[in-house]
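Whenever a hint applies, use it, and build me the whole structure from the sequences.
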Amino acid sequence: MVQSESIVSAYSPPFKIVTKYFAVAIISFVILNFLLLINYNSIGGHHFQPKILSINHIATLGWITMIIFGAMFQLVPVVLETKLFSEILADIQFWIYLLGVIGLVYCFWVFNTGILMTTSAILLNVAMLIFAFNIIVTMKRVKKWNVTAWYLSVAIFYLIVTAIVGLLLTINLWTPYIKSDHLQYLNLHAHIAFIGWVSMVIMGVSFKLIPMFTLSHGFPLTNAKQAFWLINIGLLGISNTIFFEVKTFLYFIFTGLIVLGIMFFLRQIQIIFKNRIRKKFDIGIKFSFVAYIMLGLTTILGTFIAFVDYDNIINMALIYGYMIIFSYISMLIVGQMYKIVPFLVWYHKYSSKVGLEPVPMLKDMFNEKFAHVEFYIMIVAVFGSLCSLLFRSEIGLLMSFTLMFISSIIFVFNMITIFRK
Amino acid sequence: MANKKEILEVLKGVIDPEIGINIVDLGLVYEVESNDSQNIIKMTLTTPGCPMHSSISSWVENVVAQLDPEKKAIVTLVWEPQWTPDKMTSEAREQLGM
Chain A
1 MVQSESIVSA YSPPFKIVTK YFAVAIISFV ILNFLLLINY NSIGGHHFQP
51 KILSINHIAT LGWITMIIFG AMFQLVPVVL ETKLFSEILA DIQFWIYLLG
101 VIGLVYCFWV FNTGILMTTS AILLNVAMLI FAFNIIVTMK RVKKWNVTAW
151 YLSVAIFYLI VTAIVGLLLT INLWTPYIKS DHLQYLNLHA HIAFIGWVSM
201 VIMGVSFKLI PMFTLSHGFP LTNAKQAFWL INIGLLGISN TIFFEVKTFL
251 YFIFTGLIVL GIMFFLRQIQ IIFKNRIRKK FDIGIKFSFV AYIMLGLTTI
301 LGTFIAFVDY DNIINMALIY GYMIIFSYIS MLIVGQMYKI VPFLVWYHKY
351 SSKVGLEPVP MLKDMFNEKF AHVEFYIMIV AVFGSLCSLL FRSEIGLLMS
401 FTLMFISSII FVFNMITIFR K
Chain B
422 MANKKEILEV LKGVIDPEIG INIVDLGLVY EVESNDSQNI IKMTLTTPGC
472 PMHSSISSWV ENVVAQLDPE KKAIVTLVWE PQWTPDKMTS EAREQLGM
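Quick note, the sequences are listed as chains A and B, same order. Mapping of the first sequence onto our numbering: position 232 corresponds to residue 232, and the numbering continues sequentially without gaps. Mapping of the second sequence onto our numbering: position 71 corresponds to residue 492, and the numbering continues sequentially without gaps.
Per label pair, the in silico range of CB-to-CB distance:
#	chain 1	residue 1	chain 2	residue 2	range
1	A	Tyr106	B	Met519	47 to 57 Å
2	B	Pro502	A	Leu250	43 to 53 Å
3	B	Glu452	A	Phe15	25 to 35 Å
4	B	Lys433	A	Tyr106	49 to 59 Å
5	B	Tyr451	A	Leu168	48 to 58 Å
6	B	Glu427	A	Leu260	56 to 66 Å
7	A	Phe111	B	Met519	54 to 64 Å
8	A	Leu297	B	Ile461	50 to 60 Å
9	A	Tyr376	B	Met519	22 to 32 Å
Just so you know, these hints were derived from the structure itself, not from any lab. We treat Cβ as the ideally placed atom computed from N, Cα and C, and that holds for glycine.
Okay, structure coming up:
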């Protein structure tokens, strides 16, 4: 028998730091839904407008990336089996990042494209570099590289590229210097952010967490490896062809590789689910499962947009963006939060009491019935929003955004319940 | 002084908080050894890097120490042989809906 090095866990999550990131992210999610709701009549049309840019950055920076940072600090020990390099750096990063997010979101809202916007973008770059440093040093300690480590390492590369391109775009809005179309850079910024940064993290972490939560064993990770190469070659390729004025043959090839890569990822997830021994889906897995299906549907739409001249159907880009942010990423985040937050709090409050007094099970940490209500409301809200965007129905958007806002309130209620448990 | 059967019985009170099934029925306990001064529990977890690592270990140590306070309870976590679902008892399988 091979004995582990130490019984004393190196895997304890840094509770205070993770909580800070999660708290701000959850608040951002509510603000995001609230702003969508009160601006329902100005959503639609072209995506390059101040309020949409502002709301979009609350979503990507305040909600999605904030959650990923917090989750990475909690999950790095789990997925990489080593301790985080520095909790102090994670804390310093938090404050710089928060300032950057608030500054950038404010500047987009009032469309102040001057020094304040660029300063905010610089703060975000600094925070992300601190994060990258912290994780890279942590990764250097990893003895046995697994497929998750590959995905996470490229994700960090794309995060930095996203941040730098974002900074260049803010400078361009201040003092125009980019000769080609600003929107093409924006396209690059968005695709590297969503496919490179967010999706690489989601995919890499999924290979570890979904088997852990569903007790899935004995499956090969072949498709995960194939997806890694296909998506990365496609993404790097597309980053170089995106600036050509006419869509070239190579552009279509690289787009095809990304699409194929995502399909291989979904196939891997399907294999993991097929091999699971926990047959019943709990609420966290239900959310995640729907999110994976929505990733498939979003990819189909993305392919359509890539191969068709979508300039003539301008709100297609908005529908595509909405699907990415809400039906795929937010759905997955909410699902995973129902798995990792109960653990975070349970570990902090009860791990010293185990065996000495009764402790709750993780599923008892929140109201699962409410979470189910949230699940169904969110699904209706997502499809309602998509249909309303497609048919440009303002009343439809008002109703759907109201439902989405309600679902975010239920989510907050459950998260607070967990922290108070 | 507790015997192996008694130790296994108290270990049935140690429940994986995520799965909701006790560690004995999950097949996580590989061996229980006792000598004059120690009760040694060789066990594993369902996933390497499992975040429940230290909690479950101290849970096991606490319940075994309560049963047999004269001896030191020691948990030895092992990853080989790797845990597989066929190590579970039929009760555990039933609870998982297999």
